[in-house]
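With chain V's structure known, arrange chain A on it following the hints.
From first to last, the protein sequence lines stand for chains V and A.
Residue numbering for the first sequence follows my numbering, starting at 24 and increasing by one per position.
Residue numbering for the second sequence follows my numbering, starting at 24 and increasing by one per position.
Any given hint could be a false lead.
Put simply, identical chains are the same to the list, so a pair is met inside one copy or across any two.
[To be verified] Heads up, simulated DSS-like pairs for lysine-lysine below, C-alpha to C-alpha not over 30 Å straight-line:
#1 LYS163 <-> LYS184
#2 LYS163 <-> LYS243
#3 LYS128 <-> LYS66
#4 LYS25 <-> LYS128
#5 LYS243 <-> LYS44
#6 LYS294 <-> LYS438
#7 LYS302 <-> LYS129
#8 LYS324 <-> LYS438
#9 LYS243 <-> LYS294
#10 LYS438 <-> LYS302
#11 LYS294 <-> LYS198
#12 LYS242 <-> LYS184
#13 LYS184 <-> LYS243
#14 LYS25 <-> LYS242
Hints are computed from structural coordinates only; laboratory data are not their basis.
2 protein chains.
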Amino acid sequence: MKELFNYLNGLIESGDYAKLKEEVNSEQPANIAEYFEELSAEKQLFIFRLLTKDMAAEVFSYMESDTQEHIAHSITDREVRHIVDEMFLDDTVDFLEEAPANLVKKVLRNTDAETRELINRFLNYPENSAGSLMTIEFVKLRINVTVLEAMQQIKRTGTDKETIYTCYVIDNHRKLIGVVPLRTLICAEDDQLIQDLMQDDVVSVLTTDDQEEVANIFKKYNWMALPVVDTEGRLVGIITVDDIVDVIEQETTEDMEKMAAVIPSSEEYLKTGVLALSKNRIVWLCVLMVSGTLSQVVINKYQNLLEIAVVLSSFITIITGTGGNAGSQASTMIIRGMALGEIQVRDALEVIWKEVRVGMICGVLLAAVNMLRLTLFSAGTNFWVDLTVSLSMALVVVLAKTIGCLLPILAKVLKLDPAMMAGPLISTVVDAVALIIYFTMAGFFVL
Amino acid sequence: MKELFNYLNGLIESGDYAKLKEEVNSEQPANIAEYFEELSAEKQLFIFRLLTKDMAAEVFSYMESDTQEHIAHSITDREVRHIVDEMFLDDTVDFLEEAPANLVKKVLRNTDAETRELINRFLNYPENSAGSLMTIEFVKLRINVTVLEAMQQIKRTGTDKETIYTCYVIDNHRKLIGVVPLRTLICAEDDQLIQDLMQDDVVSVLTTDDQEEVANIFKKYNWMALPVVDTEGRLVGIITVDDIVDVIEQETTEDMEKMAAVIPSSEEYLKTGVLALSKNRIVWLCVLMVSGTLSQVVINKYQNLLEIAVVLSSFITIITGTGGNAGSQASTMIIRGMALGEIQVRDALEVIWKEVRVGMICGVLLAAVNMLRLTLFSAGTNFWVDLTVSLSMALVVVLAKTIGCLLPILAKVLKLDPAMMAGPLISTVVDAVALIIYFTMAGFFVL
Numbered sequence: 024m025k026e027l028f029n030y031l032n033g034l035i036e037s038g039d040y041a042k043l044k045e046e047v048n049s050e051q052p053a054n055i056a057e058y059f060e061e062l063s064a065e066k067q068l069f070i071f072r073l074l075t076k077d078m079a080a081e082v083f084s085y086m087e088s089d090t091q092e093h094i095a096h097s098i099t100d101r102e103v104r105h106i107v108d109e110m111f112l113d114d115t116v117d118f119l120e121e122a123p124a125n126l127v128k129k130v131l132r133n134t135d136a137e138t139r140e141l142i143n144r145f146l147n148y149p150e151n152s153a154g155s156l157m158t159i160e161f162v163k164l165r166i167n168v169t170v171l172e173a174m175q176q177i178k179r180t181g182t183d184k185e186t187i188y189t190c191y192v193i194d195n196h197r198k199l200i201g202v203v204p205l206r207t208l209i210c211a212e213d214d215q216l217i218q219d220l221m222q223d224d225v226v227s228v229l230t231t232d233d234q235e236e237v238a239n240i241f242k243k244y245n246w247m248a249l250p251v252v253d254t255e256g257r258l259v260g261i262i263t264v265d266d267i268v269d270v271i272e273q274e275t276t277e278d279m280e281k282m283a284a285v286i287p288s289s290e291e292y293l294k295t296g297v298l299a300l301s302k303n304r305i306v307w308l309c310v311l312m313v314s315g316t317l318s319q320v321v322i323n324k325y326q327n328l329l330e331i332a333v334v335l336s337s338f339i340t341i342i343t344g345t346g347g348n349a350g351s352q353a354s355t356m357i358i359r360g361m362a363l364g365e366i367q368v369r370d371a372l373e374v375i376w377k378e379v380r381v382g383m384i385c386g387v388l389l390a391a392v393n394m395l396r397l398t399l400f401s402a403g404t405n406f407w408v409d410l411t412v413s414l415s416m417a418l419v420v421v422l423a424k425t426i427g428c429l430l431p432i433l434a435k436v437l438k439l440d441p442a443m444m445a446g447p448l449i450s451t452v453v454d455a456v457a458l459i460i461y462f463t464m465a466g467f468f469v470l
Numbered sequence: 024m025k026e027l028f029n030y031l032n033g034l035i036e037s038g039d040y041a042k043l044k045e046e047v048n049s050e051q052p053a054n055i056a057e058y059f060e061e062l063s064a065e066k067q068l069f070i071f072r073l074l075t076k077d078m079a080a081e082v083f084s085y086m087e088s089d090t091q092e093h094i095a096h097s098i099t100d101r102e103v104r105h106i107v108d109e110m111f112l113d114d115t116v117d118f119l120e121e122a123p124a125n126l127v128k129k130v131l132r133n134t135d136a137e138t139r140e141l142i143n144r145f146l147n148y149p150e151n152s153a154g155s156l157m158t159i160e161f162v163k164l165r166i167n168v169t170v171l172e173a174m175q176q177i178k179r180t181g182t183d184k185e186t187i188y189t190c191y192v193i194d195n196h197r198k199l200i201g202v203v204p205l206r207t208l209i210c211a212e213d214d215q216l217i218q219d220l221m222q223d224d225v226v227s228v229l230t231t232d233d234q235e236e237v238a239n240i241f242k243k244y245n246w247m248a249l250p251v252v253d254t255e256g257r258l259v260g261i262i263t264v265d266d267i268v269d270v271i272e273q274e275t276t277e278d279m280e281k282m283a284a285v286i287p288s289s290e291e292y293l294k295t296g297v298l299a300l301s302k303n304r305i306v307w308l309c310v311l312m313v314s315g316t317l318s319q320v321v322i323n324k325y326q327n328l329l330e331i332a333v334v335l336s337s338f339i340t341i342i343t344g345t346g347g348n349a350g351s352q353a354s355t356m357i358i359r360g361m362a363l364g365e366i367q368v369r370d371a372l373e374v375i376w377k378e379v380r381v382g383m384i385c386g387v388l389l390a391a392v393n394m395l396r397l398t399l400f401s402a403g404t405n406f407w408v409d410l411t412v413s414l415s416m417a418l419v420v421v422l423a424k425t426i427g428c429l430l431p432i433l434a435k436v437l438k439l440d441p442a443m444m445a446g447p448l449i450s451t452v453v454d455a456v457a458l459i460i461y462f463t464m465a466g467f468f469v470l
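Chain V with its partners taken away, still in its complex shape (with noise of 0.2 Å):
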């Protein structure tokens, strides 16, 4: 890329704009785009202006939006109407989500009425939906015409469609009756009709169905395209495989940062602003240590075996710490299956009783190798409080696994997102548990 990103720049430099055009109207668009990010407003608009009309719509659906911005304030009424016709509606419809106001009555303002009712249809779709993901640019064949008459109309109409791959078929109220491959199209006899052709048991989906939803049924199947339809299952658009790329990276964004206790956004780390970043991260920041108050109040209650054994206090890190990190495994674990669908409520049981056994296997072999360190090299305690330890250590493991999984599963039972049953908020719940245990033993053992 950086080869590439040089050539153009020194023909800028060098003013051979013949060639500089001819170059970039022969990449590849998505690399045009990328050369964008690099260079100053002036020359973003003045490479912009050496595209040709196809090409100049290409490269803009590729864009960052906030090149786009900058490109569509700058150029001219004619220019904006020539990438919205060009562009697919789809991705007419992501930029205009992101650009502001006097932006969106400036692009609305130069397309056609039926355009502009489009758009307004699809802007009203909820954020995440099937109906904000989908394009209307896709093949729709009657029942009744030939292969020959389909393979005309798809010839005569291809280049205007997202996917000319999948093609639907419909009845006379535009309601979805069957989908057939163009590859069956292509194998098939000129005088077979598409009727005979088609596939009638068709998977589709609703406009308003979670783009989560939509995603799941793309794994599972392995298509292309997926049709959806209205309330009364009239095909209204198509959702393509490459746009479900996306959406799963976005949404298993969003999963991570809530495992970490960020509320998403869907803004890219680099372009959020210091105070957009602060105000995801606090709230959590502030429950977590709320609820931290919790453990304090425990140590507190304990303050008279501490003076007694003020050395305890230096495990209490220590015991805490292996808790929390042995409880993310097991809530990382199930999250993520979930997730994927591997992982169900019913599923509850079995996952619990594994989670314990583990959690017995991994306590004891912590403990005995913590038994081991403290009797190797620590100075100032004794053999009761080395045993305190390891005891706490592997009962708080066992303890920590279970709660791991058990939260996440609570959460999907009251119908809340597991994600937010990771790291952070076991540790803070495990951090009790195990002083608890920790202090309680102590007095046990040490007393």
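Frame of chain V; chain A shown alone:
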């Protein structure tokens, strides 16, 4: 799905096998594969034998690997041959990669010499490489044929190809020289030549390239398929986008497991034994526990201070906990940003400066909330203890954010996986730092 399964179960019970056969052969293969997971071993075999040759191969390729093994063990050599003949090579290889040696032998015994040679070559590609992902069933066109000839070739051979929607152009030495989407062929005139229609700047990957790189190319260009070449530039296979969806899931799961201090495994949770789960977790638990000795040593050093003011011990967990949470938030955002290619090593200074400021905002707010909480509700502490706790909290948050963003970047520079530098490890490092800050400040204010 439940209804379908109940319906099919009903047909089995009532003995209406003609209807059953019709139903299982007309359903989506993925659904029938899911149905197999609900059946007993004998019923699986019974239903499998009701499937037509095509359908059997399709359903087989969607099955879980243990079901595949059971079926392949139980059927005759002749039936094995049918399935392998019908399956796409990449699905056969996927199955064999997981299968025990005696099954691999049974399958290889039942394939012709050419397929056997191919399968062996595939099994030798490094795990997670482009070679192990690709399929060899794709459309190869010669440069000097016409659109009509190409379409005839596709019509003749199309049903055996994994995709016909992207066609690849090769020269006499099987070198990849161009790519032409089927859409272009459909919309072109019959007598146009492939060489005039093809795009000759083809992006391809090597058989040895890692699947993560391959996934990144798909994400960038939104393509349906990507050609794979050997070191001499000869076209040996293609990768289709539906396989990439699985790769993305798998890579993210690995990242999440690493971030939770679990050694990644490709097995599903419910199918992994207790011993294997324990083995994947104990290593990091042990490493982190031993590293936790650092915090223990720090607290130990301040025993004198704790003996004078034992109340200080009750704030240990709330300070280390908040520090750990603040650090995890930062490290998760950076690790994810780097995995998505949004953050590079060259952005290090910008990232650190951002985190320092976020840390200051969050730290000051948390300290204020904490001061308020202690002043209003706390029993047994005086103003100086409250001040110590609050001030150290602010400082700890800033440092935790800095450490949280530094370590993943450092890992990247050292060519390690940034995902390792997540919550658990960050917390262990931050714990020790936080305690030093806290006790130093306590020594100053409280004594």
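With identical chains, the pair LYS25 and LYS128 could be close in the same copy or across copies; at 30 Å between alpha carbons, which is it: within, between, both, or neither?
Neither: 37 Å inside a chain and 48 Å across chains, both beyond 30 Å.
* Asked: Within a copy, between copies, both or neither: where do LYS163 and LYS243 come within 30 Å Cα-Cα?
  -> both (25 Å within a copy, 29 Å between copies)
Between copies, within a copy, both or neither: which fits LYS184 and LYS243 at Cα up to 30 Å? Both. Shortest intra-copy (25 Å) and inter-copy (21 Å) distances satisfy the 30 Å Cα cut-off.
- Query: At most 30 Å between C-alpha atoms: does LYS294 with LYS198 qualify within a copy, between copies, both, or neither?
  - Reply: Answer is neither: 43 Å inside a copy and 42 Å across each miss the 30 Å cutoff.
Is it within, between, both, or neither for LYS324 and LYS438, if the alpha carbons may be no more than 30 Å apart?
neither (36 Å within a copy, 47 Å between copies)
Within, between, both or neither, where LYS294 and LYS438 count as close if Cα-Cα is 30 Å or less = Between copies, since 26 Å is at most 30 Å while 32 Å is not.
inquiry  = Reference check for the pair LYS243 and LYS294, CA-CA at most 30 Å: within, between, both, or neither?
reply    = Cα proximity of LYS243 and LYS294: across copies only (19 Å, versus 34 Å in one copy).
- request: Using 30 Å as the alpha carbon limit, work out where LYS302 and LYS129 are close: within a copy, between copies, both or neither.
  value: neither (32 Å within a copy, 60 Å between copies)
Alpha-carbon proximity context of LYS25 and LYS242, limit 30 Å = For LYS25 and LYS242, the Cα distance is within 30 Å only across copies (19 Å; inside one copy 35 Å).
Are the CA atoms of LYS242 and LYS184 at most 30 Å apart within a copy, between copies, both, or neither? both (24 Å within a copy, 21 Å between copies)
My question is about LYS243 and LYS44: at a cut-off of 30 Å on alpha-carbon distance, are they close within one copy, between copies, both, or neither? Classified as between: cross-chain Cα gap 23 Å, same-chain 44 Å, threshold 30 Å.
Exercise. Between LYS438 and LYS302, at a C-alpha cutoff of 30 Å, which is it: within one copy, between copies, both, or neither?
Worked result: within (25 Å within a copy, 32 Å between copies)
Checked against the numbered hints given earlier, the structure breaks hints 4, 7, 8, 11 and satisfies all the rest.
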